[in-house]
Amino acid sequence: MGRGFGSMAALVALTVLSVMRVGLVRGNSEGDALYTLRRSLSDPDNVLQSWDPNLVNPCTWFHITCNQDGRVTRVDLGSSNLSGHLVPELGKLEHLQYLELYKNNIQGTIPVELGNLKNLISLDLYNNNISGVIPPALGKLKSLVFLRLNDNQLTGPIPRELVGISTLKVV
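If you're matching positions, the sequence shown starts at 179 in the numbering used here and goes up one per residue.
There could be a bad hint or two in this list.
[What the hints assert, rightly or not] Computed Cβ-Cβ distance ranges for the label pairs, DEER-style: (1) Ser344 <-> Asp223: 32 to 40 Å; (2) Pro314 <-> Asn245: 37 to 45 Å; (3) Ser228 <-> Pro335: 35 to 43 Å; (4) Pro337 <-> His263: 16 to 24 Å; (5) Asp210 <-> Asn328: 27 to 35 Å; (6) Pro337 <-> Gln227: 17 to 25 Å; (7) Ile336 <-> Gln227: 36 to 44 Å; (8) Gly334 <-> His241: 29 to 37 Å; (9) Asp329 <-> Gly248: 30 to 38 Å; (10) Arg338 <-> Ser207: 17 to 25 Å; (11) Asn245 <-> Val225: 16 to 24 Å.
Simulated from the structure, these hints should not be mistaken for laboratory data.
Each residue gets a CB set at the ideal place from its N, CA and C atoms; glycine is no exception.
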């Protein structure tokens, strides 16, 4: 009987450790994605100073909001005097609902990977220096309500894929 109990206790301990490990990996992947964004941006006003890659949980960082499960749901960096470019890793923030990067000096293109953000409600990139075309992959954002890309250097037509977003109110 003691031997069976020891095996059962070991199994329970391994299960608990496995669950804890999954949580740590998830937190690190979101933190890694956000830290990659931080490294791509110039931040003269130090608004990103709390974005410490040694902190497993990015929910403790300023300008980040998380849900009750500890998943990143909002990145709010509007009017933060940032320059640099967006990174494809942002597409890994699968629970993100709000990506607010308006009124900065962000350059480069909109990463196609932003089309992976299935829960995104608001994509505010207006009043930057973003160039290139609007990725047709943004048409996969079926929860999108607000898409503000004005006052950038975008070229080409608005992708026809955006027409299929029935929730879209502001373009």
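Going down the list of hints, with the structure as the test:
1. Ser344 <-> Asp223: 32 to 40 Å: holds (39 Å)
2. Pro314 <-> Asn245: 37 to 45 Å: For Asn245 against Pro314, whose Cβ atoms are near 29 Å apart, the range 37 to 45 Å is violated.
3. Ser228 <-> Pro335: 35 to 43 Å: Holds, at about 40 Å.
4. Pro337 <-> His263: 16 to 24 Å: Between Pro337 and His263, where Cβ atoms are some 21 Å apart, the hint holds.
5. Asp210 <-> Asn328: 27 to 35 Å: holds (31 Å)
6. Pro337 <-> Gln227: 17 to 25 Å: The hint (17 to 25 Å, Cβ to Cβ) is violated, given that Pro337 and Gln227 are roughly 37 Å apart.
7. Ile336 <-> Gln227: 36 to 44 Å: holds (37 Å)
8. Gly334 <-> His241: 29 to 37 Å: Check passed, 31 Å falls within 29 to 37 Å.
9. Asp329 <-> Gly248: 30 to 38 Å: holds (35 Å)
10. Arg338 <-> Ser207: 17 to 25 Å: violated (33 Å)
11. Asn245 <-> Val225: 16 to 24 Å: For Val225 against Asn245, whose Cβ atoms are near 22 Å apart, the range 16 to 24 Å holds.
Hint compliance for this structure: hints 2, 6, 10 are not met, and every other hint is.
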